Each structure stands twice: as C-alpha cells, then as structure tokens.
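Engineer: The residues making up each chain are set out below.
Number of protein chains: 2
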Amino acid sequence: MPTAVLTPAELLAHWQGLRRVTRRVIEAFPEDQLYTFSIGGMRPFAVLTAEMLAIGVPMAKQIVTGEVTQFEEKAPATKAELLAKWDEATTELDALYNQIAPERFGETITLFGQYTGTVWSQFFYAIDNENHHRGQGYVYLRALGIEPPPFWDRQ
Amino acid sequence: MPTAVLTPAELLAHWQGLRRVTRRVIEAFPEDQLYTFSIGGMRPFAVLTAEMLAIGVPMAKQIVTGEVTQFEEKAPATKAELLAKWDEATTELDALYNQIAPERFGETITLFGQYTGTVWSQFFYAIDNENHHRGQGYVYLRALGIEPPPFWDRQ
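Protein chains in written order, with my numbering: chain A, 374 to 528; chain B, 374 to 528.
Just so you know, these hints were derived from the structure itself, not from any lab.
Model, not experiment: these values are computed from the prediction.
Cβ atoms here follow ideal geometry from the backbone N, Cα and C, with glycine treated the same way.
Worth double-checking, as some hints may not be accurate.
To be verified - Pairwise CB distance ranges (calculated): (1) B/W525 x A/Q472: 26 to 32 Å; (2) B/G518 x A/E446: 21 to 27 Å; (3) B/E446 x A/L517: 24 to 30 Å; (4) A/K447 x B/E465: 43 to 49 Å; (5) B/G486 x A/R393: 22 to 28 Å.
To be verified - Chain A regions said to be covered by chain B (calculated; three or more residues, Cβ under 8 Å): (6) 491–498; (7) 512–522.
Taking the hints into account, I'd like the entire structure generated from these sequences.
Structural biologist: This is the structure in structure tokens:
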C-alpha cells in the first residue's frame, strides 16, 4: 500500500514525541506556579494540560469503541499526580490508537457529541491544540525566568 | 490508492487553514506592539512570524527544486508589508507544494543544510512550530488586553 504523506504508526510516534516535550514543560514548572501562574487571565498550565488529557485518550477511546465519551477537564491535584496521569495516558493512547484500522482515518465521526470531522482531523486537532497550549507554557516559563526544554528535542 | 492517514492535498488544506489563523493573530496586534511587545525576553510576534515565513516557502522550494535554500529570518518593516508577505507566501506555498509527487513524502532530505528528516516530517515541523509560536502570540495579545481570534476557526 503506497503511503500518502505518512502512516498511522508514524503519526502516533510523532505525537508521542511531542507529548514528551509537553511532559518536560510540566516538569519544568515549580509546583505552585503550575497551578497558579497566569498571564492576561489565561488558565494556569496545569489546567491547559488537563485539557490535553481530556482530549487525547477520550478521543482515541471513542474512535475505537464507538461510544460517545464526555469531555471532562479536571487537573490532578499535584504535579506528581499530573505527571503520573500523563504517563498513564501515554500507555493508553498507544494501546487504543493501535487498534484503529488504517482505513478508518478518513471516516467522519462526531466527537464528544459535537465536533464533526474525519478521524485524522480529530487527531490533528489534538496535536495542534497541544502545540498551541504548550507554546503558551513556554511563555509562562520565560516570564518566570525558567528556561523551557528545547522544542526540537522529541526524544 | 488507499489513503494512509491523509492525502498531501488534505495536509496542505489543513496547514493553510492554520495559516489563516496566524494571519488573524498578526492582524490583531497593534502595529507598535507587533514589533516591540515581549514577555520574558522572547522575540516580538513580528519576528516569530518572520521565522514562519523563513521556513514554509523556502522548505517547499528546496523540496521541489532540490536546491539547498538558506534560512533567513527577516521581518518586513511594517504590519502591512508583513501581511502582504504572508499572502504572497500563501500563494507560493500552494504553487510549490502542488508540484511535490505523493511518493516523495517519505523521502529523506536535509533542509537548510542541516535538518535531516522525511519530507512529511519537515512539513510537520513547520506546522508544529507555527502552532507553538502562534500560541505564544495569543499570550502576548491576552497580556495586552486584546481578545485573540478563535483557534478552532480555520476558514
């Protein structure tokens, strides 16, 4: 089968590389600032990562099972719990994603009962949104005088 | 030909949708703040968008022509010129990208004389990086008390 652009496995590996960067951004925040620091009335980084957690695995779960999942944005109470939840999501995402047949990426689905688009576009939304909010975390860290992890390092 | 994940045309359309959001973020900045506003020593948004312009079209040009292009980050001097340059890049990107044969997306190339990866991963870097920096522009706008354009609207 000729590959158009990239394979499902390549997309997952790319996303997991970006998710490793997000994890390092969570780690770079001092515990209190992770939950309280804000610029211009925006959500603290813990809440932005809770949004990412509310999208990734629940999205993959609905794609695999067909059951409509709910969007629930809830930040774990501590940095350690947030990192543990992040790692759990890493494993769950791999397990769920690998059950999706390649021909399903062009299928149209309605996610969380309201967002309609192809399976690939749902995953792209999750990735684009994670990049968008992680980039905001970089500004928070810089404002706090903390050097963020390099964006290009995906290992 | 079965589609794996998405087609080259779908990737371009997705990117151009995201580029329309970036254009609206440029538009949302007052002219002076576009060139001067910064948080934590970061580059002003005009310079971040100059980086995007230095990546997108030159990347596509090298992929099409095989000639090594140089990375040159240079912000046009005014907001009007920056927007004009953005629109020019929109047209050039379409014209260049559409000359890339689908089977080339898996080909490994070295960009700007130093970044080695598949053609698809080069485009993904450009898109991820644009999301990352546009997200930073959202923080700048919020800090300036300006409502950014909605991230989900790609029209």
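Engineer: None of the hints should be skipped; say for each whether it holds.
Structural biologist: Tested hints:
no.: 1; hint: B/W525 x A/Q472: 26 to 32 Å; result: 27 Å, holds
no.: 2; hint: B/G518 x A/E446: 21 to 27 Å; result: 25 Å, holds
no.: 3; hint: B/E446 x A/L517: 24 to 30 Å; result: 26 Å, holds
no.: 4; hint: A/K447 x B/E465: 43 to 49 Å; result: 44 Å, holds
no.: 5; hint: B/G486 x A/R393: 22 to 28 Å; result: 27 Å, holds
no.: 6; hint: 491–498; result: holds (count 5)
no.: 7; hint: 512–522; result: holds (count 7)
Going through the hint list in order, the structure satisfies each hint without exception.
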